[in-house]
Amino acid sequence: MIKTGYKTKKAIGNVFAYIFLILICIIWLFPFVGLVLQSFRSYATEYGGMVSYIVPKQFSLDNYKFMFSGETNFLLWYKNTVTIAFFVSLLQTMVILCVSYALSRMRFAGRTLLMKSWLILGLFPGFLTMICLYFLLKQFGLTQAGAIPGLILVSVASSGMGYYVCKGYFDTIPKALDEAARIDGASRARIFFTMTIPMSKPIIIYTALVAFMAPWNDYIFASYVAFGHDKSYNVAVAMYRWMNTNDYQGYFTRFCAGGVLIAIPVTILFMFLQKYYVEGVTGGAVKG
Amino acid sequence: MAHGSKTKNKVTLATLLSALGNDLKMIGLTFKEGDIKTKLSFIIMGLGPILRGQILIGLVLMLAQALFFWYIKGFGWAYLSKITTLGTVATQKIKRKTVYGDNSFLILLFGVLSIFAVIAIITLWRLNVAENRKEELALKAGKKLPTNLETFTSLFDKNFDKTLLLLPVTGIFVFTVLPIVFMIFIAFTNYDSNHQPPANLFTWVGLENFKELVSFGNQGLGPTFFKVLAWTLVWAFFATFIDYFLGLAVAILINKKGIKFKKLWRTILVMTIAVPQFVSLLYVAKMFANDGLINGFLKSVGLIENSIPFWSNPMLARITIIVINIWIGIPYLMLIATGLLMNIPEDLYESARIDGASPWQMFKSITLPYMLFVTGPFLLTQFTGNLNNFGVIFLLSGGGPGTISYAGNAGTTDLLVTWLYKMTVNDSNYKMASVIGIMVFIVTAIFALGVYGLLPSVKDEEGFQ
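If you're matching them up, the sequences are chains A and B in order. Take any residue in the first sequence, count from 1 to its spot, add 29: that is its number in the working numbering. Take any residue in the second sequence, count from 1 to its spot, add 1: that is its number in the working numbering.
If we strip away everything but chain B, and leave its shape as in the complex, we get (with noise of 0.2 Å):
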């Protein structure tokens, strides 16, 4: 298994140099057999295509180079060459006058946004050079080009994928891409709560941060990442597959032959996804809270003395956890495998009906089988979403409680994404929450994109048929 992905990234990477091999001929061989107007567009991005009557192409062109000089000139390059030590003039203060120097965290962020500019300008200009290698052979062909209103027409049609496309990427590209990158250098820096601009400068570490969060020492994060983690690891487990039987025995309960009102059991435990769960998971909470329902009655009818401590016991509050998260889970679940259930072949348990078998066995192979084939790549999202599940553990016990063993102000119950949280917005350790980000994308990782080529429903995709 190994050993096939590694010849296939060497084939990928072969293809990818010897694509750009071609792709560096095809720039050449365009500068050398094409006449003056292709050779202008090495220079001015798009004249090429304007001279032969393709505005609408030649000025998009254009457009995109003038915008690009714009912005490195005006804005992007002050910030690009500074990005090696993100900033070196402290912000001071000259006679009860502020006067601000560098700002480390505007420098970085727009150092990264140059940096795309720059690759996106040079993916647009091997566009433009392909662009009037295609022009010109046309031309020489005998060919017509198409008109600027066959060009503006096919973007409803023949190139419908670049307007459809064309604002979905961009949002995603600025608001996902472009943060996600920051973050990941920030990282590698040194920017916390001692280093925060405007008022000073942060600068790069190197991987200083990832040392801290796996050092063992006195102030070491070690410790207490690697107990977050296996908290994070044993939840996402149980939060997974418990709920997944509990919900596939509760669905085919409602199917069982003779029970009545199918839609009405069905109806009620869908109800309770409708429900907001910040209004449904805050309750809930407060109900195990020491002074809460769940004590207060106990307390009341005489069961128990002293309140128990759902919230204040680490042990029972993973507990607790858990078992409240059944309850979130199973109507999500019972609906998925309502739906499945009913995709399974009658025959095949007529067929073991007159063979004998117990209800069990059916289950046991039949059902079982069937439902872990077909929610394989389910089981699997639902499993990465658990190690993210950020809603149930900050809503419930909000990663309480605390203790004196974990360092970073981590507490017993928080997953990795919470203490993510908290060290953003407790106690703005940034460089550190960014390390634990890069932590969870790549245990995430691991999984899905590790046990996902495992699955049989992956390998064996006819398996079932």
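Just chain A, same shape as in the assembly (with noise of 0.2 Å):
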């Protein structure tokens, strides 16, 4: 009898966690169905503004023959962002893993103070650098016309200071391996090529792409690089500028479109890679 209870009671527990979850999932998908939805609207019939509804009236690939119709620059733009990606994503890794192999197997004099020093200047606002910044590129030419380079050398120049999660995870690769290589006579710098790196494909893998997808959303400093340089938005700029300074309510269906297109590259990479990524964030974020 009572077990039976226990069961049923058991059983309806599940039923509402099974609705529960279906609720969450889709309030969490509600907004990007909409958009594709949007995306697909008629601009001819039913114009590129807000509207009550989510399913459109009318279908039709409108939005999307704007973007590829020489009307605006917006394939120039999706060059320029996966060309800063692209090159973001190899230089910071290559940058990331430098670092986080000296910190975590090097000792050397300086290294605790250089640690500290380094978490100190992660308080500051990232912000409060941008004229200066700004001006930096300048002298350099790397401003408006040359900003994609700009763009690059800024979000490389400092990643340095992001080897947290990287290093944790070498921390995790016993010494002793290193110890063994270099009684066998190997230098640092073999152990480091031929050793640790094969053994870090994950967390490799992982700092990747995170450096890969956050060119994606980098609104605040590229539009103050290219300034007033249509050529040299990244997507993230030029479509900001859709919805905020022009007239939005012309602008929005073409903004889901061209937000649909953005996020497939991006969404297909990351289902791909899931798995690293998930090692990362639950591996990394714990240790702070």
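No lab work stands behind these hints: they were computed from the structure. Computed from a predicted model, the values in this text were never measured in an experiment. Careful: at least some of the hints might be erroneous.
When the alpha-carbon atoms are kept at most 20 Å apart in a straight line, the in silico DMTMM-like pairs for lysine to aspartate or glutamate are as follows [said to hold, decoys possible]:
| # | chain 1 | residue 1 | chain 2 | residue 2 |
| --- | --- | --- | --- | --- |
| 1 | A | K260 | A | E75 |
| 2 | B | K228 | B | E213 |
| 3 | A | K167 | B | D103 |
| 4 | A | K230 | A | E308 |
| 5 | B | K257 | B | E347 |
| 6 | A | K36 | B | E351 |
| 7 | A | K39 | B | D356 |
| 8 | B | K263 | A | D213 |
| 9 | B | K33 | B | E151 |
| 10 | B | K163 | A | D207 |
| 11 | A | K86 | B | D292 |
| 12 | A | K94 | A | E75 |
| 13 | A | K204 | B | D158 |
| 14 | B | K264 | A | E308 |
| 15 | A | K39 | B | E351 |
| 16 | B | K159 | A | D213 |
Both chains are sitting in their own frames, so use the hints and assemble them into the complex.
What follows is the structure, given as structure tokens:
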């Protein structure tokens, strides 16, 4: 008697849990479904503004055609963003690997001082330095027309300070392995390139993925550096302007279409590498 | 606690002073006991090592000194000498031609750079002396000095750290340290839209700007500053803890025994992390707009007559932001919580169940303490991250709605950082932006460094073993 009572109670509990989970998933996906549906709304018959319904009355590819037509520089902005994301991802991963290995494996004078001072530097808000950075870049001709390499340079230059997760991972690789290799006569550089790096695939992919995703969101600095130079915008800058400085009522569905085009490659990449992302977040976040 | 750190500070100061003393003693001793090569090296850096065959080390030192003199003579001194006034010759228009005078911005920037160069050369000079002494003592003891090739290959072995860190540290120095120091100095000048180089000069004003920030007079920023600060703290508190507990709840729910498709639920939630925030947040912001989807829908079904002012009522805007932030934060926290929940030993629950504990009791006395213990540092970084969570505020409300009771163009949902951004980009009020930046740093540092020491997982590392 008691047993069945327990079972039904559990079953009811599970039903509620399922209802709750389905509800959460609907809420979480709702904006994305809305985004996709709106992007297919016909611009010709329903105009591009905001409406009070989600399912378009007439589906069409008007908004996507607009993206690929010569009317905007969308393709150029897209290319800019991909370029920045690719190089930042590549170079930032290299920098972080170097810093993490040095801090995890080697003991040198000033090591703790370095770590402490970076910790304190990290407490300053990033925008504080914006005008100074802008000026520094300007000296090298890396603003406006040269904004793309400029943005890559700034993102990569300071990325060494984000070594925490990667160092945490290196710390878990037993030092005895290094010692053994050193006894066999391998140099530090050899250990780093032929042992540590091949063993660190998950954390390398995590670092590269996070670095790749960040530039897609970069509005603040990107707009400041590219100031007024339309051809140097990235998608975030250009599309933010569609929604805020232009007549957004005419650009809303176009924004949605652009958003879909942007989200697709990042989401696909993310889905494929999700395993590594989860590993990085759950492994690194807690150590702080 | 405070007492402890005070004595610790005293100790570090004492060790620093004695280290400095030892250094001076070492330098003096090196000069007294050193041969002519060493003595010459005091003036021409790296000469000693070169004469002893240590070409690589010697050349690097010599080059550094040459570079320093070249910079200071050709460039640095012109700026450094004006740093006390930040320039006195104003730009003028003479017969339609603009004659440029001093540029305060450049004077400050390159002045700061020159100060760093001086510090760097002193450090190098000290290393130069130490290197000379080391070589001399080694030779006296009859040892051989390493060959140039050995010195070079050590860069990939014993000194590999130097190779690895050279570029990253230089990058951080030029693109983080130098700008931060520069901006801290700006807080003590009157650099704003009325004093913009090269047309105008700006100059040192001492603590004026800090006084303005906390002044409660007619034009003072004081009331606005404290209101913005209060909202920043309230926001960070709610954004951190609501997300944390709800994320934990969702993770526990998905982890619950008997729930199927665990992977599916997780994937759906995690997928939302992948979509760039500026897309999802801008879309959601428009969803809640007066003419947006939510209001439009509620109106069309007849639930409301006038739009709910999600973005134009200060209180409602704040609540909306916190609620939307839950939508962003939960997937991330769910991920972390899932990983940790699996680490809790199952036998703890087993024995609790035998003792007849209810699920709530188990959560309260096993899951929660464990999670709080392990995630303490993480919660803290989340909190300090939220203090500076620019993206969410900027993309959702842009800091608005504005109100006349706020000065300095601040809006009612502005955090200190978004206010700082507005001051920089919209108002060119660099001096106040710098002051606010320093305030942000102080607030963040108080939480990050102060609370960190109080965390149980830091105080008592073995507590949960």
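Tell me, which hint numbers fail for this structure?
1, 8, 9
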